[in-house]
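Residue numbers (UniProt numbering): 1 to 868.
Simulated from the structure, these hints should not be mistaken for laboratory data.
Values in this document were obtained by computation on a predicted structure and should not be read as measured data.
Among the hints, erroneous ones may be present.
Here are the simulated PhoX-like pairs of lysine-lysine, each with C-alpha atoms no more than 25 Å apart in a straight line [said to hold, decoys possible]: (1) 739 with 634; (2) 76 with 827; (3) 443 with 614; (4) 634 with 72; (5) 474 with 443; (6) 273 with 504; (7) 61 with 83; (8) 35 with 261; (9) 716 with 634; (10) 37 with 804; (11) 634 with 658; (12) 58 with 35; (13) 658 with 614; (14) 614 with 710; (15) 504 with 476; (16) 61 with 44; (17) 806 with 35; (18) 804 with 46.
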Amino acid sequence: MGKVKKSISAAKKASKTAQRQESVANNPFEVHVNKRKHEILGRKMKHDRGLPGVSRSKAIKKRETTLLAEYKQRNKANVFVDKRFGENDNEMSVEDKLLKRFAIEKQKHHEKSGIYNLEEEELTHMGQSLGDFDKFDDVRLSDEEEEDENAGNDVAETHFGGFLKKKKPDNHNEDSKPKSRKEIMEEVVAKAKLKKHERQAAKEQNTNMTDMLDDDWKDIRKLMSFRDPHAKQESTKADDYDITVKELAFEVKGKATNRLKSDVELAKEEQEKLKKLEEERIRRMKGIPINAKPKHMSADDLGDSFTVREDTRTMLSYDDGKINLPDGEENLKYEWLTGHNDNDKEDEDDEDDDDEGGNGEDDGGDSDDDNEDDDEEDSGEDLNTDSENDEGEGEQEEKDIKRQTENKTKSSQNAQKASKPKSSISKELPFTFRAPQTYKEFKDLISPWPESRHLTIIQRIKACNHPKINPENKAKMETFFTILIGYVAELVEQDPPALGTVDKLTKSLFEISQFSPINACTCMQNTLKSLHSEYNKLRESKGGKAVFPGLKTLIYLRLVSLLFPTSDLKHCVCTSAMVFMSQILAQSCVRSLTDVLKGLFLCNLYLECVRLSKRFVPEAINFLCGVLFLASDKSAPVPQVAPPFKANSKWSDLLTLKPEEKSRDVAIKPFVLSEALTPCDSDHRDTLPIRIGAVHLALHLTDQFALLYKDLPSFKEIFDPVLAHLQRIPIQSYPQPVKDLQSSLRQSLTTCSDQPRNHLTLHARRPEPLKAFTPKFQEHYEIKSKKAKVGNKKTNEVQKLKYKLKREFKGAVREVRKDSQFLSRQKLQEQLERDAERMRKVKEIEHMLGNEQAEVNVMNRKKRKLKR
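Working from the sequences, and respecting the hints, build out all of it.
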C-alpha cells in the first residue's frame, strides 16, 4: 500500500506543477510579449508570447539533472549506474516495473539452461547418426583420403601413434619391438630415394622416346616437299612508306645535353680560367717548361761550358705493382719511351705570341692545341706499327731519316728558345688583377700597357672581382664603375677623341652597372648634375646666351640612353637627361655648322629614346624646323620661326647653297662623330658636303618623327611650320637623294595634314528619367527575409550555413554562460553551507567549552569554601 500512495503523490505533484504553469501563464507580470515591427493581418507567430519564468525553471531543473550530476562526480573514478529496467521511466508504475523485471529474469534463466541441451537434436557424421555407431575402431580420419586401407593404416600409425586402431600382430617376428625413430626415418629416406630413382628412369625413358621420334621425323621429312630456303625469291620494289621507315631508323636521335649554367658558375669558371692562364704566363715568364721530361745525355756530353749537366731523370720504380711517377704527373705517356720533346712547338708559339703582344687568352688556348697536335702526330708515327710492317724496307728507311731530321730541328729550336732573353716573355699581360680603389690606382695599372690592351684589363678586372663569387666584390665594382665613368671623360678629351674605345667600353659599363643599379643611377645623376652646372655657368658667362656643350656632354647623354631604359614614364636618370637635352635644344644658339650637327645629334638621340613610348618632344621638332629654315630661300617673306632661331640673324643663311657651288655631284656620306663635332668653319676646309649632309640628316629625322607622330590629333598643327619651310628649300641645287627624300616627306606631311578630324563632343550618356512619386503596387507581394536569395544555389546554401553557424554559435555561447552562472551559484551555495556548518560546529565547541569552564569554576568555588 505504501507504493500505491507514492504513485498517487507523484500524480498530485505533476498536477500541481501544471496548475502552477497555468497560473503563471495567466499572470500578466510573468508573461513577456514579443513586439513586432510591422503588424500583418492573418499572420501567426509561434513566439509572440513568452514565459521567461517557466523557461528559466525548466532550464534550472535540466541542469540539476545533467550538469549538477557531472559536477558532483567530477573527482570520482567510479560511477554507479542504475541499469534496472524502468528505473528512469516516470511513466511506468512500480507494479509494472516489478512485473517486467521478473519476466526478464525468467527469460534469461531459461536461455542459460538450454544452451547445452542436445536431447532434441540428432548429431550426424557423413550422413549417419552417431547413435548408430557401436564401435569407433574403423573411423576414417579424413573425407578426402583416397588411398588404400593399408596406406591409411600406415599414416595413422606413423603420425598418431596408432591409438585409434588396434595394432596388428607381426607375422614374421611376433616378439619384435616397436620401431625407433631412427628406423622410421631410415625407411622414409629409402622410400624418397626409391621415388627419385623411379622419376629419373621415367625421364630417361621420355628422352629416349623423343630422340627416336626425332629420327623417325627426319626420315619422313625427306619424303615431303618444302620450299628451298636458299632459292632466290622475287624481289619486290620498296614503296615510299618502307623507305621512310628505314630513314627514320637511321635518323639522329636527340641526346641529353648539359644543363645551363648559372651566372655564379659562369663567373667562377671565368675566374678560374684567368687564374690558370696567369699561372701559365708566370711559368713562361720564368722559363719553366710545362712537363720537364728527362732527355738522353751521353757520358761525354759536357756542353760548351765544360760542366756536367744535372741529371733530372727519375729512376724507374714500382710500389705495389704501380709505377712511381714524378710530382705533377698523373699518368705515364708513351712519348717518354721515345725521348721526344712535344713542348717545342708550344714554346715556338709562345715566342711568337710574346713578340706580337697578342691576347693572353689566345696564347693559352693555342699552346694547348699545339701540344695536343704534337702528341697526336708523335703517337701516330710511333704506334702505327701494323702499317709499317706492310710497307717495304725502303719506305721504312725514308721514315727513319725524316724522323731524325725532325728531331734535330726541334733540338735546335729548343736551344734558340733557351738562349732567348726573358724580357720578351715578361711583356705578357697578366690574367688576374685587383680592383682599383682610386682613379690613380687605375691609371697606374693601365699606364704600362698600350691603349689596345686597356679593354682587356677592364674585362679581367670585372671577371676576377665578380660580386656573385664574393659579396664583398660588390663594393669594389661600385667604385670601379665610378672610375670608368671618369675614364670615359679622359678618352673623350683626348686629341683626337678615342670614341672607338668608348664604344667598346660601353658593354663593360653596362655589365658592371647591373651589379649595383642603384649605385649606377646615383653616379650618373651626379655626373649629369655636374654637366648641367657647367652648362649654366657657361651660359651666365656669355651674358645669358647659351651655347651648345662640348663632346663630353653629348657622349655622357648618349651613355645614359645605353645604360638605362628610356621608355619609362619616369626614370631617375633618363628623365633628367631628357630635360637637359630639351634645355640645350631650346636655349642654345646656332652660330656654326658644329652647333647644327650637335643639335641634330641630340634630335637623333631623342628619336631613339621616344621610339617606343612615342612621347611628343616639341624641342626636337622646333630644332628640325629651324634647320630647314637655315637651308630655305629668304627672298620671299619668311614664315615665323621660334627661338633659338631668329629670322633676321646673321647666321640665318648658314645652310643655304650658293649658285656658283657645284652641289649636285656631292656624295652624301654618314657623319663621323669625332670629325663632325670638331670646329669646321675654317677657310681651308670645304663645308659644302657638311651642309648638304646636315640638310639630308634633318630631312631624314623629320621623316622619322612624322612617322612616329602620325596618330596624334594635333599632327597638322605640329608639322605645318615644318611643311612651310620645307617647301622653300631650293631643292634643284641638291643631289638626287636629297630631292627624293624631300618630295616623299612633303607628300607624307600633306597627306597626314589633310586627314579629316572629328570635333570634340561630350561623353555620350543615357538621359536620366524623372523621379516618379507614384507608389508601386505588386499584386503578388511576398515578405522576404532579410537574407535575400541572390546568386546561385551554391552561394545561397553557403550563406545559409554561415547564418545557421552564427546563430548556433551565439546560442552555444549563451548556454555556456548560463552553465557557468549555474555552477557559480552552486559553488556559492556549497561554500555557504560549508561556512554555516563550520559556524555551527564552532558554536557547539564553544558551548561545550563554556559548560566545562562553568563546571571548573564551580569546582574551584567549592574548593575555596572548603579551604576556608
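Unsatisfied constraints (hint numbers, rising): 3, 4, 8, 13 and 16
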